[in-house]
Each structure stands twice: as C-alpha cells, then as structure tokens.
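Chain F: place on chain P using the hints.
Chains as they are written, first to last, in full-length UniProt numbering: chain P, 1 to 215; chain F, 1 to 215.
These aren't lab readings, by the way, just hints derived from the structure by calculation. Since the model is a prediction, treat every value here as computed from it, not as a measurement. Any given hint could turn out to be false.
Claimed, not checked - Calculated cross-link-like contacts (lysine-lysine; reagent style BS3-like; alpha-carbon spacing at most 30 Å):
hint, chain 1, residue 1, chain 2, residue 2
1, F, Lys121, P, Lys126
2, P, Lys121, F, Lys126
3, F, Lys27, P, Lys51
4, P, Lys121, F, Lys121
Said to hold, decoys possible - Listed next, with one range per pair, are the computed distances between beta-carbon atoms:
hint, chain 1, residue 1, chain 2, residue 2, range
5, F, Thr52, P, Arg174, 26 to 34 Å
6, F, Glu196, P, Lys40, 50 to 58 Å
7, P, Glu194, F, Lys186, 49 to 57 Å
8, F, Asp208, P, Asp178, 33 to 41 Å
9, P, Leu86, F, Asp32, 33 to 41 Å
10, P, Thr124, F, Pro93, 42 to 50 Å
11, P, Arg174, F, Gln147, 33 to 41 Å
12, F, Thr200, P, Leu193, 43 to 51 Å
Stated by the list, open to error - In silico contact screen, one side only, chain F against chain P (beta carbon under 10 Å); selected entries:
hint, residue
13, Met56
14, Ile105
15, Asn135
Cβ coordinates follow ideal geometry from the N, Cα and C atoms, glycine included.
Number of protein chains: 2
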Amino acid sequence: SASSAPILHGYFRSSCSWRVRIAFALKGIEFDQVPVNLIKDGGQQYSEQYKTLNPMQQVPAVEIDGVTLSQSLAVIQYIDETRPGLRLLPADPQKRAQVRMISDIIASGIQPLQNLYVIQKIGTEKVQWAQHFINRGFQALEPILKQTAGKYCVGDEVSMADICLVPQVYNAERFKVDMDQFPTIKRLNQTLLEIEAFNTTHPSCQPDTPADLQK
Amino acid sequence: SASSAPILHGYFRSSCSWRVRIAFALKGIEFDQVPVNLIKDGGQQYSEQYKTLNPMQQVPAVEIDGVTLSQSLAVIQYIDETRPGLRLLPADPQKRAQVRMISDIIASGIQPLQNLYVIQKIGTEKVQWAQHFINRGFQALEPILKQTAGKYCVGDEVSMADICLVPQVYNAERFKVDMDQFPTIKRLNQTLLEIEAFNTTHPSCQPDTPADLQK
Numbered sequence: 001s002a003s004s005a006p007i008l009h010g011y012f013r014s015s016c017s018w019r020v021r022i023a024f025a026l027k028g029i030e031f032d033q034v035p036v037n038l039i040k041d042g043g044q045q046y047s048e049q050y051k052t053l054n055p056m057q058q059v060p061a062v063e064i065d066g067v068t069l070s071q072s073l074a075v076i077q078y079i080d081e082t083r084p085g086l087r088l089l090p091a092d093p094q095k096r097a098q099v100r101m102i103s104d105i106i107a108s109g110i111q112p113l114q115n116l117y118v119i120q121k122i123g124t125e126k127v128q129w130a131q132h133f134i135n136r137g138f139q140a141l142e143p144i145l146k147q148t149a150g151k152y153c154v155g156d157e158v159s160m161a162d163i164c165l166v167p168q169v170y171n172a173e174r175f176k177v178d179m180d181q182f183p184t185i186k187r188l189n190q191t192l193l194e195i196e197a198f199n200t201t202h203p204s205c206q207p208d209t210p211a212d213l214q215k
Numbered sequence: 001s002a003s004s005a006p007i008l009h010g011y012f013r014s015s016c017s018w019r020v021r022i023a024f025a026l027k028g029i030e031f032d033q034v035p036v037n038l039i040k041d042g043g044q045q046y047s048e049q050y051k052t053l054n055p056m057q058q059v060p061a062v063e064i065d066g067v068t069l070s071q072s073l074a075v076i077q078y079i080d081e082t083r084p085g086l087r088l089l090p091a092d093p094q095k096r097a098q099v100r101m102i103s104d105i106i107a108s109g110i111q112p113l114q115n116l117y118v119i120q121k122i123g124t125e126k127v128q129w130a131q132h133f134i135n136r137g138f139q140a141l142e143p144i145l146k147q148t149a150g151k152y153c154v155g156d157e158v159s160m161a162d163i164c165l166v167p168q169v170y171n172a173e174r175f176k177v178d179m180d181q182f183p184t185i186k187r188l189n190q191t192l193l194e195i196e197a198f199n200t201t202h203p204s205c206q207p208d209t210p211a212d213l214q215k
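Okay, chain P solo, but in the shape it has when bound (with noise of 0.2 Å):
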C-alpha cells in the first residue's frame, strides 16, 4: 500500500543502488531491500517480473507512495521533495545547479560508460576502456570541485553529488584507477565515508553481499 516503506530492488556492489541507499539514509527513511542478482542466473534483472518494475532492466526500481520508479537519480529528487529532514540538495539555485551538474557528470557521463552492460558488450579491453572514461570523468570533475567543494561537494553540506561521488569512488577502485590523481576528489571521498550514512549503506554490508566479500 502507499503508506507502507519503501521497497528498493537493487543489488549490493550497483552504484546506482548504492546511491539510492544513502539517499534513504541520510533522510533517515526505513525501506526494504529486495536483491536482484546481476550476474546470477544470466543476471535477474533480464527476467520478466523485473522487466515491469524497471524496463531498462537495470537496478535501481524503487516502490514508493504506490508508484514504481527507476533512476537513481529521479529517485533521490522525489524523496528529497516529498521528505522532511536533511535535504539533499541545496535551497540555492545556483547551488542546486552546481549539485546536479556535478551528479550528472558522474551519472550520464561516467557511469553510464562503465556499467556491467557496457563492459560486457566491449569484450576486449573491458578493464582498460572503463579506466578511460573514469579517468576522463574524474579529469573533468577534479578542477569542478577544487571550485565548489567546502567540506563536501558544493559548500559544507551534503548533497545528491556526493551521493554520486562516492559510490563511482568505489568503482573506479574497482577497476584500479590512480586516485593519486585526483587529490579532491579522493579527500571528498574519505572524509564523506565517516559519514554513518555512507558507511552503513556500502556494498560490503549489504543483504545480499557474498560473504567472502563482506568486510
């Protein structure tokens, strides 16, 4: 019913979801997890039932207020619209805009190009073209946010860039990127996972972490 929690469909190592979880965390909003495993049985998200909650067939689909969404993105705004608590993006325009432009770097420009999907279609080069569009993502974002970044992204609040920011921090460790590169990007980085919200919500804690990944 609309007035039950939340469910979120997703799957613990997703960066998308992972964003999602902080979102609902840093809101302090109980939601349910439901996990889709992306690579188990030639990936659930292929499967018909999945198919109605999110047509792209990618995790995140969120159940909310009776209606199902997908990205993550969309998500995080329509919690912080319809959510007391912190907010998640500033109440300045020009802030705001900094906040998305920053988010969708990460979300359209970088994400997007190193996704399990994507990787697999590459075939060759997998590791070596995902290190290229982080690094090139990262190459773009590091002098944005020598610019807008106090202690976090834009200024000293929290924000949706740095519910981007760390999750695709996670990623391009993943793929063994050089973040000696990227010096504020990797202290936004580390200062946000002492955040309890980022910490608790993170891949190696989840529901459905394998346990020779839990930490």
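Showing chain F alone in chain P's frame:
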C-alpha cells in the same frame, strides 16, 4: 556581466545543445549562440579555451547569471527554477519524478552510449552499436510513455521529458532506427515538432548549420 543574455556554447547537431535551445525557447528567453564545431580542427571542444568552460570537453556549456554551467539537465532545471513563464517540470512530485525518470533514461541510458566520442572510440560497427543502445532505450521508454503520456510525455503539459525526447528521436533517425516499433514515441515526436519552440531550434536551421543540411 550577470545581467546580460545567456550564452550557449553548442553545436547545431548535438542533441544536448538542442535540449537547451528548446528550454530557452519555451521560456521565451533570448540567448546568444557561440558555435563549437565538434568535427572541425580535430574538434573545437578540445581547445584549452573551451576546456575552461566545460572540463568534460563536450557541448553544451552555458554562461548565465555570472556562472558557467554544463550538463543540459542541470541547465534546464536552473532556468526553470530562476525564470518565470511555462513550467518545465510539473508541480506534482510524482509527475516531476516521472519527468526526471524519462529524461534520465534518455540522458543517462541512451545518449551517452551513442554520442560522437563513444562512437569514434568503438571503431568498427559504429552504426550497429548506436542502433543497439537507442533500440534498447526506446524499448524501455515505449511502455513507460504509454502509461505516463497524454498529449505530451507526462500528461498534457510540455516538460523536460519532451525536451529530451525530440532530440533523441532525431538521433535515432540519423542512425536509421526503425521508429515504427515505437508508436507512442513516434506520435509524441510528431506532435512536439509542431510546437514553435521545438521547430525554430531544430538542427536544420541554426547559425552553424552547414548550407547543405539546411531545410
């Protein structure tokens, strides 16, 4: 100065530049265009000068109110939040979420995978690659739009979702995607192209449109 007309650095055929042109036109905002030729001189977006405007070295970049913004959806929402006139996102939070979901399926799920830079990097089978990702995205969009659409993508008001849809259909046609598979998308595109703000901003009639591509 902050009070002068916004400057759009873009390219006639870039779908992300066209999105911003439509948004300005729907809002009735005068703007100046500075062409960035993505082909000439090995790509003018790679110049050191342009890199300061958009470190991702992509179009568009927009100078507005004393700041420089990139990422078309961040620009469009900034315009919407700071300018009067037609709303580009609906007031209702669930409808706003649907508008953002549809916009992001295009802006994160389709366009980045078929843009010039990626297509150039693929090497062989460029057209098949682009067709594959446009087909995959449109196969997801078609059932979503069947549920959300009225006269336009979400209900009967033009929104950011429509601003994203029309330029993506233009790209689909360039890559010879069979649009008869997607009757809802096709119908929406035809309806939208009759609106002046979509028509006057079309790639076929911009200041930098080459003579042989003008209509």
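Hints and how they fare:
{"no.": "1", "hint": "Lys121/F <-> Lys126/P", "verdict": "holds (13 Å)"}
{"no.": "2", "hint": "Lys121/P <-> Lys126/F", "verdict": "holds (13 Å)"}
{"no.": "3", "hint": "Lys27/F <-> Lys51/P", "verdict": "violated (36 Å)"}
{"no.": "4", "hint": "Lys121/P <-> Lys121/F", "verdict": "holds (14 Å)"}
{"no.": "5", "hint": "Thr52/F <-> Arg174/P: 26 to 34 Å", "verdict": "holds (31 Å)"}
{"no.": "6", "hint": "Glu196/F <-> Lys40/P: 50 to 58 Å", "verdict": "holds (51 Å)"}
{"no.": "7", "hint": "Glu194/P <-> Lys186/F: 49 to 57 Å", "verdict": "holds (51 Å)"}
{"no.": "8", "hint": "Asp208/F <-> Asp178/P: 33 to 41 Å", "verdict": "holds (38 Å)"}
{"no.": "9", "hint": "Leu86/P <-> Asp32/F: 33 to 41 Å", "verdict": "holds (39 Å)"}
{"no.": "10", "hint": "Thr124/P <-> Pro93/F: 42 to 50 Å", "verdict": "holds (45 Å)"}
{"no.": "11", "hint": "Arg174/P <-> Gln147/F: 33 to 41 Å", "verdict": "holds (36 Å)"}
{"no.": "12", "hint": "Thr200/F <-> Leu193/P: 43 to 51 Å", "verdict": "holds (48 Å)"}
{"no.": "13", "hint": "Met56", "verdict": "holds (4 Å)"}
{"no.": "14", "hint": "Ile105", "verdict": "holds (6 Å)"}
{"no.": "15", "hint": "Asn135", "verdict": "violated (12 Å)"}
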